[in-house]
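Per this note's numbering, residue 858 is the first one in the sequence shown, and the count goes up by one each step.
It should be emphasised that the hints constitute simulated quantities derived from the structure, not laboratory data. Yeah, the Cβ is synthetic: ideal placement off N, Cα and C, and Gly gets one too. Certain hints may be false.
What the hints assert, rightly or not - So the derived label-pair ranges between C-beta atoms look like this:
id : residue 1 : residue 2 : range
1  : P973      : G897      : 17 to 23 Å
2  : W964      : N932      : 18 to 24 Å
3  : F899      : K939      : 21 to 27 Å
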Amino acid sequence: MLNKAVRWRGVDPVSLEHCQIVSTPFDRHVRGTIITASYGLFYRIALDELGLVRTVRVERTDGAVLDLSADGAGNWTDAAAKPMVTLASCLDVDIWPTPMTNSLPLWRNAFTIGTPQRFAMAWIDADAMTVRRSEQIYTLLDDTHVRFQSADFERVIEIDADRLVVDYPGLFERMT
(Lines of atoms letter the chains of each structure in order from A and count residues from 1; the text may use other names and numbers.)
(Lines give C-alpha, C1' and ligand atoms only; values in the text may rest on other atoms or scores of the structure.)
Protein backbone atom coordinates (compact mmCIF):
# COMPACT_ATOMS: atom_id res chain seq x y z
CA MET A 1 0.00 0.00 0.00
CA LEU A 2 0.94 3.63 -0.06
CA ASN A 3 0.24 7.04 1.44
CA LYS A 4 -1.22 9.24 -1.24
CA ALA A 5 -3.96 11.74 -2.05
CA VAL A 6 -5.66 11.33 -5.43
CA ARG A 7 -8.37 13.25 -7.27
CA TRP A 8 -10.59 12.11 -10.11
CA ARG A 9 -13.11 13.88 -12.28
CA GLY A 10 -16.15 11.87 -13.27
CA VAL A 11 -16.95 12.33 -16.95
CA ASP A 12 -20.35 10.67 -17.23
CA PRO A 13 -22.01 11.37 -14.94
CA VAL A 14 -20.07 14.45 -13.84
CA SER A 15 -18.51 14.16 -10.38
CA LEU A 16 -15.45 15.20 -8.40
CA GLU A 17 -13.61 12.95 -5.95
CA HIS A 18 -10.83 13.45 -3.43
CA CYS A 19 -9.39 10.23 -2.02
CA GLN A 20 -6.79 9.66 0.70
CA ILE A 21 -4.96 6.32 0.83
CA VAL A 22 -3.24 5.64 4.18
CA SER A 23 -0.89 2.81 5.01
CA THR A 24 1.00 2.65 8.30
CA PRO A 25 2.21 -0.31 10.36
CA PHE A 26 -0.99 0.05 12.43
CA ASP A 27 -3.63 1.16 9.94
CA ARG A 28 -4.53 0.68 6.28
CA HIS A 29 -7.54 2.48 4.93
CA VAL A 30 -8.94 4.49 2.07
CA ARG A 31 -11.21 7.50 2.55
CA GLY A 32 -12.94 9.34 -0.23
CA THR A 33 -15.37 12.17 -0.75
CA ILE A 34 -17.37 12.42 -3.97
CA ILE A 35 -19.61 15.24 -5.14
CA THR A 36 -22.18 14.33 -7.81
CA ALA A 37 -25.07 16.31 -9.28
CA SER A 38 -27.49 14.39 -7.04
CA TYR A 39 -25.63 13.93 -3.74
CA GLY A 40 -22.42 14.14 -1.79
CA LEU A 41 -20.82 10.88 -0.66
CA PHE A 42 -18.21 9.83 1.89
CA TYR A 43 -16.71 6.35 1.91
CA ARG A 44 -14.20 4.59 4.13
CA ILE A 45 -12.64 1.19 3.49
CA ALA A 46 -10.55 -0.43 6.21
CA LEU A 47 -8.08 -3.07 5.05
CA ASP A 48 -6.16 -5.68 7.02
CA GLU A 49 -2.40 -6.30 6.75
CA LEU A 50 -2.95 -8.49 3.65
CA GLY A 51 -4.96 -5.79 1.89
CA LEU A 52 -8.28 -7.57 2.41
CA VAL A 53 -11.39 -5.48 3.02
CA ARG A 54 -12.56 -5.64 6.63
CA THR A 55 -15.08 -2.78 6.88
CA VAL A 56 -16.84 -0.45 4.45
CA ARG A 57 -18.91 2.62 5.23
CA VAL A 58 -20.72 4.57 2.53
CA GLU A 59 -22.61 7.65 3.67
CA ARG A 60 -24.52 10.12 1.52
CA THR A 61 -25.32 13.71 2.44
CA ASP A 62 -29.05 12.87 2.44
CA GLY A 63 -28.42 10.62 5.46
CA ALA A 64 -28.44 7.23 3.70
CA VAL A 65 -25.76 4.96 5.20
CA LEU A 66 -24.45 1.53 4.30
CA ASP A 67 -22.12 -0.28 6.73
CA LEU A 68 -20.58 -3.66 5.88
CA SER A 69 -18.05 -5.89 7.61
CA ALA A 70 -16.01 -8.73 6.13
CA ASP A 71 -13.89 -11.39 7.78
CA GLY A 72 -11.26 -11.50 5.00
CA ALA A 73 -12.38 -14.98 3.98
CA GLY A 74 -15.39 -13.92 1.91
CA ASN A 75 -18.04 -13.70 4.63
CA TRP A 76 -19.93 -10.41 4.97
CA THR A 77 -22.36 -8.94 7.48
CA ASP A 78 -24.50 -5.80 7.47
CA ALA A 79 -24.68 -3.11 10.18
CA ALA A 80 -26.91 -5.36 12.32
CA ALA A 81 -24.33 -8.19 12.05
CA LYS A 82 -26.73 -10.14 9.83
CA PRO A 83 -24.89 -12.44 7.38
CA MET A 84 -25.07 -11.39 3.74
CA VAL A 85 -25.00 -14.81 2.09
CA THR A 86 -25.28 -13.41 -1.46
CA LEU A 87 -21.79 -11.92 -0.98
CA ALA A 88 -20.17 -15.24 0.02
CA SER A 89 -16.59 -15.50 -1.33
CA CYS A 90 -16.37 -11.79 -2.24
CA LEU A 91 -13.01 -10.52 -1.00
CA ASP A 92 -13.14 -7.01 -2.42
CA VAL A 93 -15.61 -4.17 -2.70
CA ASP A 94 -16.42 -2.10 -5.79
CA ILE A 95 -18.16 1.21 -5.06
CA TRP A 96 -19.99 3.19 -7.72
CA PRO A 97 -19.13 6.05 -8.42
CA THR A 98 -15.38 5.78 -7.73
CA PRO A 99 -12.53 4.29 -9.76
CA MET A 100 -10.52 3.84 -6.54
CA THR A 101 -11.95 0.43 -5.76
CA ASN A 102 -10.63 -0.98 -9.04
CA SER A 103 -7.20 -0.84 -7.36
CA LEU A 104 -8.08 -3.23 -4.52
CA PRO A 105 -7.70 -6.52 -6.45
CA LEU A 106 -4.74 -5.04 -8.38
CA TRP A 107 -2.89 -4.29 -5.13
CA ARG A 108 -3.57 -7.65 -3.53
CA ASN A 109 -2.87 -10.07 -6.35
CA ALA A 110 0.06 -11.02 -8.54
CA PHE A 111 -0.82 -10.62 -12.21
CA THR A 112 0.77 -12.14 -15.30
CA ILE A 113 0.42 -10.04 -18.42
CA GLY A 114 -2.36 -11.39 -20.63
CA THR A 115 -3.77 -13.81 -18.03
CA PRO A 116 -7.34 -12.96 -16.91
CA GLN A 117 -8.19 -13.21 -13.21
CA ARG A 118 -11.77 -13.55 -11.94
CA PHE A 119 -13.03 -11.84 -8.82
CA ALA A 120 -16.32 -11.90 -6.95
CA MET A 121 -16.93 -8.36 -5.70
CA ALA A 122 -19.36 -6.80 -3.25
CA TRP A 123 -20.64 -4.12 -5.64
CA ILE A 124 -22.13 -1.05 -3.95
CA ASP A 125 -24.37 1.22 -6.00
CA ALA A 126 -24.28 4.50 -4.08
CA ASP A 127 -27.04 5.93 -6.29
CA ALA A 128 -29.47 3.32 -4.90
CA MET A 129 -27.52 2.51 -1.68
CA THR A 130 -27.66 -1.20 -2.46
CA VAL A 131 -25.07 -3.95 -2.51
CA ARG A 132 -24.95 -7.07 -4.67
CA ARG A 133 -22.49 -9.64 -5.93
CA SER A 134 -20.63 -8.77 -9.14
CA GLU A 135 -18.42 -11.16 -11.09
CA GLN A 136 -15.51 -9.23 -12.59
CA ILE A 137 -12.48 -10.07 -14.72
CA TYR A 138 -9.21 -8.14 -14.69
CA THR A 139 -6.51 -8.78 -17.30
CA LEU A 140 -3.19 -6.94 -17.05
CA LEU A 141 -2.31 -5.97 -20.63
CA ASP A 142 1.01 -4.24 -19.84
CA ASP A 143 2.48 -2.16 -16.99
CA THR A 144 -0.01 0.66 -17.54
CA HIS A 145 -3.21 -0.97 -18.84
CA VAL A 146 -5.73 -3.43 -17.46
CA ARG A 147 -8.85 -4.78 -19.16
CA PHE A 148 -11.88 -4.69 -16.86
CA GLN A 149 -14.92 -6.83 -17.67
CA SER A 150 -18.21 -7.30 -15.85
CA ALA A 151 -21.35 -8.75 -17.45
CA ASP A 152 -21.72 -6.86 -20.75
CA PHE A 153 -19.39 -4.00 -19.71
CA GLU A 154 -15.73 -3.75 -20.75
CA ARG A 155 -13.06 -1.03 -20.62
CA VAL A 156 -9.30 -0.86 -20.96
CA ILE A 157 -8.23 1.23 -17.97
CA GLU A 158 -4.95 3.13 -17.79
CA ILE A 159 -3.18 2.73 -14.42
CA ASP A 160 -0.03 4.19 -12.89
CA ALA A 161 2.88 2.46 -11.12
CA ASP A 162 0.81 2.41 -7.89
CA ARG A 163 -1.98 0.63 -9.80
CA LEU A 164 -4.34 3.57 -9.40
CA VAL A 165 -6.63 4.60 -12.24
CA VAL A 166 -5.29 7.36 -14.49
CA ASP A 167 -7.95 7.12 -17.22
CA TYR A 168 -11.14 5.07 -17.20
CA PRO A 169 -12.44 5.89 -20.70
CA GLY A 170 -15.83 7.59 -20.68
CA LEU A 171 -16.13 7.48 -16.88
CA PHE A 172 -13.18 8.93 -14.89
CA GLU A 173 -10.02 10.97 -15.45
CA ARG A 174 -7.27 11.49 -12.88
CA MET A 175 -6.66 15.10 -11.86
CA THR A 176 -3.66 14.60 -9.48
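Taking the hints in turn, this is what the structure says about them:
1. Distance hint check: the CB atoms of P973 and G897 are about 36 Å apart, inconsistent with the given range 17 to 23 Å.
2. A hinted range of 18 to 24 Å for the beta carbons of W964 and N932 is consistent with their spacing of about 21 Å.
3. The hinted range of 21 to 27 Å is satisfied by F899 and K939, whose Cβ atoms lie roughly 23 Å apart.
In summary, the one numbered hint that this structure violates is 1.
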